[in-house]
Each structure stands twice: as C-alpha cells, then as structure tokens.
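Engineer: Here's the letter readout for the chains.
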Amino acid sequence: MMSMKLRVIMALILLLGLMYLVRLIKKRKIDLKYSIVWLLLPIVILVIILIPGLLEWVAAAMGIYDVMNMVFFLGFIFVIAVIFSLTVAISKLADSMRQLTQKVALEEYADRKKIEANSERE
Amino acid sequence: MKKLIIIPAYNESENIVGTVRDIEENAPDFDYIIINDCSTDNTLEICKQNHFNYVNLPINLGIGGAVQTGYKYAREYGYDIAVQVDGDGQHDPAFLQQMAEYLEEHQLDMVIGSRFITNEGFQSSALRRVGIVYFTKLIHLLTGHKITDPTSGLRLGGRKVIELFAENYPKDYPEPETAVTALNHGLKIEEIPVVMRARQGGVSSITMTKSVYYMVKVTIAIVIERLRGRSKAV
Numbered sequence: 000m001m002s003m004k005l006r007v008i009m010a011l012i013l014l015l016g017l018m019y020l021v022r023l024i025k026k027r028k029i030d031l032k033y034s035i036v037w038l039l040l041p042i043v044i045l046v047i048i049l050i051p052g053l054l055e056w057v058a059a060a061m062g063i064y065d066v067m068n069m070v071f072f073l074g075f076i077f078v079i080a081v082i083f084s085l086t087v088a089i090s091k092l093a094d095s096m097r098q099l100t101q102k103v104a105l106e107e108y109a110d111r112k113k114i115e116a117n118s119e120r121e
Numbered sequence: 000m001k002k003l004i005i006i007p008a009y010n011e012s013e014n015i016v017g018t019v020r021d022i023e024e025n026a027p028d029f030d031y032i033i034i035n036d037c038s039t040d041n042t043l044e045i046c047k048q049n050h051f052n053y054v055n056l057p058i059n060l061g062i063g064g065a066v067q068t069g070y071k072y073a074r075e076y077g078y079d080i081a082v083q084v085d086g087d088g089q090h091d092p093a094f095l096q097q098m099a100e101y102l103e104e105h106q107l108d109m110v111i112g113s114r115f116i117t118n119e120g121f122q123s124s125a126l127r128r129v130g131i132v133y134f135t136k137l138i139h140l141l142t143g144h145k146i147t148d149p150t151s152g153l154r155l156g157g158r159k160v161i162e163l164f165a166e167n168y169p170k171d172y173p174e175p176e177t178a179v180t181a182l183n184h185g186l187k188i189e190e191i192p193v194v195m196r197a198r199q200g201g202v203s204s205i206t207m208t209k210s211v212y213y214m215v216k217v218t219i220a221i222v223i224e225r226l227r228g229r230s231k232a233v
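For the record, the sequence lines run as chains U and Y. Just so we're aligned, residue 0 is where the first sequence starts under numbering that gives the first Met the number 0, counting upward by one. Just so we're aligned, residue 0 is where the second sequence starts under numbering that gives the first Met the number 0, counting upward by one.
Isolated chain U, as found in the complex (with noise of 0.2 Å):
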C-alpha cells in the first residue's frame, strides 16, 4: 500500500502535468485527437491513487498475483498502443508529404514554362 505522503506527491505531480498538457491544448500546440489518450492516462491513474485497493481489486479480478506486474503489464500495453498510432500518423504525415511535394514540384515546373514561353514571345 502506498502511503499518504507518496499519494500526495505523486497526485501534485500529475496534476501539474495535467495542467502542462491543456496549457498545450490551449496553444494548439497538441492536437486534440492525439492528446486525448494523454488526458485520460493521468486522470486514471489519480483516480488509482485516491481510490485505496481500487488496483488490488482489479489485480485479483484479472486473476494476477501481484499488483506490480498488473502496472507493469497493463502501462506496456499502453506504451505499445500508443507508438503504434504514432507509426500510423507518421506514415500518414510522410503521404502527404509526398504527394503535396510532387503536387508543389510539378506545379513550379508548369509556372517556369509558361515564363519561358512568354520571354521567348517578347
């Protein structure tokens, strides 16, 4: 069981990052469709840490022996999740990318043509 002390700190912590993350929403520094998963891991884990037994209850209603490696089981599923939907993003960003440098190219190269026709009309 944790003690008082530590559920104190580590509930101002994740208050302050908490607070950090929608202070980034806020600019649009984050956009909301990633950052929704980065909301919802610290109000979880407040909730964990103001609720005593709540981890020890699901440890044994998931048929786990010890509550550590339940976190440590369930936080890797999380981090595998989560890089996986940043390979997704980034192979999306680099698709567009692609095709709005090809689109850019070919458009610079439409532009210069009409130049020279027009000089070589002068």
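Only true hints are included.
Simulated restraints on C-beta separations:
1. 112/U - 105/Y: 30 to 38 Å
2. 13/Y - 71/U: 49 to 57 Å
3. 112/U - 28/Y: 20 to 28 Å
4. 78/U - 222/Y: 22 to 30 Å
5. 227/Y - 78/U: 26 to 34 Å
6. 124/Y - 42/U: 54 to 62 Å
7. 115/U - 13/Y: 23 to 31 Å
8. 94/U - 218/Y: 20 to 28 Å
9. 49/Y - 84/U: 42 to 50 Å
10. 98/U - 49/Y: 25 to 33 Å
11. 42/U - 58/Y: 37 to 45 Å
Hints are computed from structural coordinates only; laboratory data are not their basis. From the three backbone atoms N, C-alpha and C, an ideal C-beta is built for every residue, glycine too.
Position chain Y relative to chain U; hints supplied.
Structural biologist: Same frame as chain U, but now just chain Y:
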C-alpha cells in the same frame, strides 16, 4: 506516340550531362524529364545551365517518390509511353526504341529490359545475382509469371502503367514490387534482352548493410502486394 524518359537524379552531377547527351543521340524519338530529388551537389545548376528539361523536388523524396513524380508528369502531359533511365549511365538508351516498338507490336503494357536472357554485358556481382534469382523464384511462385530480371530498373510502360504508377508507387527499391503490382492488375509484361553497363560514376544505393533490408522489405512488399491482388479479385 508521345514517349517520355524519366531520369531520377540525386547527386548525379558527374553523370547527368552524359546521360542527357546519350539520350539525345541514341533515343531521339523520346522526350526526357529529369527529376532532381533535392540533390545536395550542383545537379540543379547543371540542369539550369544546359537548359535541360527538369522538375525540381523541394524535399528529398527518395528514388520511389522521384520516379513517381515522373509518372505524374507523364500523365499530366499526355504521354503514351514512359520509361525510367537511371542517371548513372547504366542503361543504354539505344535499347529504348526497340523496347517501345516491342511494346506496340505485341500490345503489351510493360516491357522490362533483362540482363539475363542473353547474359551479355554487365551482369552484377555473384551475390546480387543470388538475390535476383531469389526474387525471380518468389514472383514466379506468387504470380505464376517468370521475370528473369525483376530488379532491372529499365522498364518501359504504356498508358495503363503510367496511370497505375502515378497513383501508387513504392517509396524505395520499387522494381520487383511494381512488377507484381502490374501483374496483379492484369497488365501484360514481357522482357527483352538488353546489355547494361557498369555504373559510370557515383555509388549504388544498395550497400552491403542495406541489402539485408532490401531482401526483407521487398519480400514483404511482394507478398503484401499479392494479398492485395487476391482481396481485390474476391
């Protein structure tokens, strides 16, 4: 018939003038477009000075993105035939006319120039040939078609191929994969013998360490490409 040669160029300042002159001399029926893939040397300046026909990519896209730009160019300017010739002087433009005629005569969608029909000219290293034979076998297993030189960059395509590649083209090491893509779409591919030269300057993009990535990536790409084809057919 409007015929286009796509020349992807990344840091090809040593070769680009020779490549273009070679084309003008030996493939006079073809137009060409250089795709400068954001070279860090003076490839762009050389193109400007010599009044070459070039498209300048503002960001480096790699070989796949550069060649695809060429196919998009071919689509936009109404070309009937497009062929990729590397800027390093490995491909002899003298074969292009022959390939174009073969495509028209046999009503094909794609003609690949193969080094391994008559086994003349530059044959690549023994180790690379092992890789090439592996891809030939893999493609044969998955599609039932025999392509003796699946890594050949010398491939000439008709309108259907231009449309297909303008929409979808792999980012890197595209040759074996795109052959399977074309076969999946029911396009007709044949090979004719060509003689290739050893590269005249610059270095191959495929180093020893990259060749492992090459084998794995292209194998997965071919298998996935085949799965795409099946799901489409269902």
